[in-house]
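Participant: Sequence:
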Amino acid sequence: MRTCLDRLQSGPLELVYLFPADIDRSIELLNMYADSRLDFVDAGLVAIAERLRIQHIFTTDKRDFQIIRPKHTRFFTILP
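Counting along the sequence shown from 1, when you hit position 59 you're at 77 in this note's numbering, and nothing is skipped either side.
Ranges between beta-carbon positions, derived for each pair:
no.	residue 1	residue 2	range
1	S28	A52	35 to 43 angstroms
2	E46	R92	12 to 20 angstroms
3	F93	F58	17 to 25 angstroms
4	R20	I96	18 to 26 angstroms
5	I41	T21	27 to 35 angstroms
6	Q73	Q27	22 to 30 angstroms
7	D24	N49	36 to 44 angstroms
Since the hints were derived computationally from the structure, they do not count as laboratory data. All C-beta atoms in this analysis are idealised placements derived from N, C-alpha and C, irrespective of residue type, glycine included.
Please put together the full structure from these sequences, using the hints given.
Facilitator: Structure, rendered in structure tokens:
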């Protein structure tokens with residue numbers, strides 16, 4: 019994890035906020051995937067990715083992002 023964070027720190031980062039519509043979408047996702055262990059943080063990241071049309075997700079927790087079917091693409095590409 020430290021190696022990943024070191025690499026991120028040396029590159030361009032942008033702070034992105036949840037909009038009210040993202041919270042609404044997060045709640046929708048939590049309801050859709052209620053049988054999974056999807057949490058609000060991951061649902062919020064999906065909502066932001068959908069809004070910004072991001073297809074690549076950098077995460078060490080692949081489980082949630084592999085089951086979610088985003089609106090803007092067939093699936094997320096999980097990195098690393």
